[in-house]
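Number of protein chains: 2
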Amino acid sequence: MSDLPARLDPPERILMGPGPSNCHPRVLQAMAAPIIGHLDPAFLRIMNEVQGMLRTVMQTTNPLTIPVSATGSAGMEACFVNLVEPGDRCVVGLNGVFGQRMADNVGRCGGEVIPVEAPWGEAIPPSKVRAAVAGGNVKLVAIVHAETSTGVRQPIEEISAIAHEAGALLLVDTVTSLGGHPVKVDEWGVDACYSGTQKCLSVPPGLAPISFSPRAIEALERRKGKVQSWYLDLTMVRKYWGDERTYHHTAPVNMIYALHEGLRLILEEGLEARWARHQRHHDMLVAGLDAMGLSLLPTEEESLWSLNAVRVPEGVDEAGFRRHLLEHYSMEIGGGLGDLKGRVWRVGLMGHSSTERNVQLFLHALREYLG
Amino acid sequence: MSDLPARLDPPERILMGPGPSNCHPRVLQAMAAPIIGHLDPAFLRIMNEVQGMLRTVMQTTNPLTIPVSATGSAGMEACFVNLVEPGDRCVVGLNGVFGQRMADNVGRCGGEVIPVEAPWGEAIPPSKVRAAVAGGNVKLVAIVHAETSTGVRQPIEEISAIAHEAGALLLVDTVTSLGGHPVKVDEWGVDACYSGTQKCLSVPPGLAPISFSPRAIEALERRKGKVQSWYLDLTMVRKYWGDERTYHHTAPVNMIYALHEGLRLILEEGLEARWARHQRHHDMLVAGLDAMGLSLLPTEEESLWSLNAVRVPEGVDEAGFRRHLLEHYSMEIGGGLGDLKGRVWRVGLMGHSSTERNVQLFLHALREYLG
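So the protein lines, in turn, are chains A and B. Adding 14 to a residue's 1-based position in the first sequence gives its number in my numbering. Adding 14 to a residue's 1-based position in the second sequence gives its number in my numbering.
Don't take each hint at face value.
Copies of the same chain look alike in the list, so a pair counts if it fits in one copy or across any two.
[Said to hold, decoys possible] Taking lysine-lysine pairs in the DSBU-like style, the calculated list, with each CA pair at most 30 Å apart, reads:
(1) 355 x 198
(2) 355 x 153
(3) 142 x 253
(4) 253 x 355
(5) 153 x 238
(6) 240 x 355
(7) 240 x 153
(8) 198 x 153
Rather than coming from a laboratory, the hints here were simulated on the basis of the structure. These numbers come from a predicted model, not from an experiment.
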């Protein structure tokens with residue numbers, strides 16, 4: 015017993031990295047509510063409420079709108095394994111880590127990747143997508159709305175029109191945008207969409223909201239073979255979330271509690287007001303950086319409000335500043351991934367972390383550090 | 015805003031079904047601790063502590079002992095997708111729902127299932143496994159230690175010897191046994207093992223502890239192709255849990271907090287004492303049932319302590335009793351699955367739910383209902 019670890023005592027951080035973001039105390043409290051069974055009548059009502067609120071936040075009426083019982087990356091995999099079969103041709107936008115991950119998923123499903131590239135820090139030009147689908151027989155077009163590795167926001171509507179004209183499904187990664195930026199699944203014609211709870215929804219990591227359009231469901235129902243993942247097989251999972259309530263796996267009950275309260279907070283604030291808040295604090299950050307002669311990696315038009323990739327000035331110790339922030343301010347920001355390692359700081363202003371106080375404290379610390 | 019669901023107010027249940035079990039208040043409190051980043055130095059220490067405690071509970075020194083970031087069924091899938099490649103011959107024990115699910119997993123990986131069957135309610139005879147591996151060229155033998163659908167406990171050691179003599183890996187489902195029954199990964203020669211947090215560990219559902227032996231790691235490293243699941247690909251996941259700390263996906267931070275405290279509670283109680291407690295309350299239940307002329311589906315030798323499949327007496331409304339328990343006692347038990355639907359009650363005595371008080375209250379309610 016002498017080597018029993020001490021009781022947990024995690025530090026109180028300001029989370030301004032690429033996620034997780036801070037949680038409202040009400041979310042953490044909800045998560046600690048008494049556990050009940052995943053088939054309890056009281057839990058089934060909670061599931062219905064979560065689905066209803068998720069549809070509002072995702073701006074969709076899709077019946078198949080659910081939180082997958084794992085983190086955002088499993089939401090990505092859920093979309094691909096259900097829609098892509100061996101030999102399916104998939105156009106994938108590659109302009110950061112998460113586009114690459116999509117391509118990796120397509121490959122693991124036996125699909126063929128038709129890459130559409132843009133430099134890291136830039137959006138994918140719709141014209142390139144148009145050229146890629148021109149080859150014909152494309153099953154789906156996959157694109158990242160909010161590239162967490164570069165801070166780029168990808169306009170969706172024109173690409174959606176191109177995909178649908180070509181008879182393809184549109185699959186969109188909204189991990190870092192949902193709850194912080196407008197994500198309009200129905201209006202934009204998104205057929206499959208996934209997100210994560212730990213970004214702009216400000217719920218701990220552990221669930222991946224997804225939504226499938228009727229066209230995506232049709233594709234699912236027309237599959238030739240079984241979905242390669244048992245856990246993520248939506249032909250079964252949808253019967254647990256649907257009227258049948260057929261047991262599939264045990265839902266992560268307390269995580270669903272947390273999501274319920276997180277969604278309630280979002281609807282209390284109002285979607286429009288929440289988006290405006292994210293934009294306002296992004297603008298405040300950009301103005302402050304600008305005053306120091308610093309800038310973001312993407313252009314202003316293509317910048318996310320929720321994730322800001324700040325160019326590290328020449329000669330400054332990138333990792334040193336992150337250590338300084340953690341030690342002196344108990345504040346977390348992210349470093350660059352892949353080719354951007356050492357070249358950018360990733361400053362998240364997501365959900366509960368997107369506050370004036372956080373922006374100003376960060377700017378103060380940065381001014382101080384740069385001297 | 016008028017249709018905003020009310021704040022959560024889940025009922026306080028006594029959870030005596032097939033899982034989830036009740037959580038100790040300390041586990042729920044731990045889960046509500048402030049969230050920190052999944053690469054925070056403080057979180058990395060917590061991960062190390064969780065791994066250390068998991069190894070003790072699983073009775074192993076396997077370095078690759080981690081909680082998969084999803085529920086128990088994903089733990090099952092993690093074991094199969096990493097170890098089974100197309101064409102691999104797998105002997106699978108089929109004597110309940112969860113053996114069938116294993117076979118389904120093998121099929122989705124392109125493996126060939128060599129079934130070894132026993133009637134639901136009985137253990138798999140080792141002689142049948144011996145006959146099945148005699149065909150040669152068997153990659154792995156997969157067996158359920160604790161069949162949650164039937165309450166059967168499967169002895170592992172003889173089957174382990176048979177598997178290893180045949181040059182096969184041994185894969186074991188310990189979802190409903192870990193933390194309630196002895197599970198001795200190293201002593202028994204288990205090569206891959208998975209469990210869930212919401213059974214005898216008494217942590218909310220959302221994580222799946224797994225352990226891979228050095229032989230299983232070798233098989234993983236000798237794979238011909240990529241693991242078909244990106245999310246569960248242990249060649250990547252192990253680098254996050256290992257010294258490299260390479261980012262793969264965002265760990266479900268607060269669920270890991272809960273597991274940390276759940277494991278601390280287990281080690282405080284002591285493994286031997288905890289196993290004895292589970293046995294004691296199972297014995298108490300069986301004695302009480304016996305006094306009413308009722309019995310379990312499996313023989314006493316093959317019965318689990320953690321999950322008791324009680325035969326429903328002729329003429330008794332199976333579902334009616336479960337509704338009665340929920341309404342009058344706020345107590346949940348489970349019904350039968352598959353062929354056992356309507357024929358058994360599944361009474362879980364797992365982890366924090368395995369108490370004298372719960373057993374006696376259940377017996378009282380049953381006596382009362384049967385009149």
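Now for the hints, and whether the structure bears them out:
| no. | hint | verdict |
| --- | --- | --- |
| 1 | 355 x 198 | neither (32 Å within a copy, 43 Å between copies) |
| 2 | 355 x 153 | neither (34 Å within a copy, 41 Å between copies) |
| 3 | 142 x 253 | neither (39 Å within a copy, 36 Å between copies) |
| 4 | 253 x 355 | between (43 Å within a copy, 18 Å between copies) |
| 5 | 153 x 238 | both (14 Å within a copy, 28 Å between copies) |
| 6 | 240 x 355 | between (40 Å within a copy, 26 Å between copies) |
| 7 | 240 x 153 | both (17 Å within a copy, 23 Å between copies) |
| 8 | 198 x 153 | within (22 Å within a copy, 48 Å between copies) |
Of the numbered hints stated above, those contradicted by the structure are hints 1, 2, 3, listed in ascending order.
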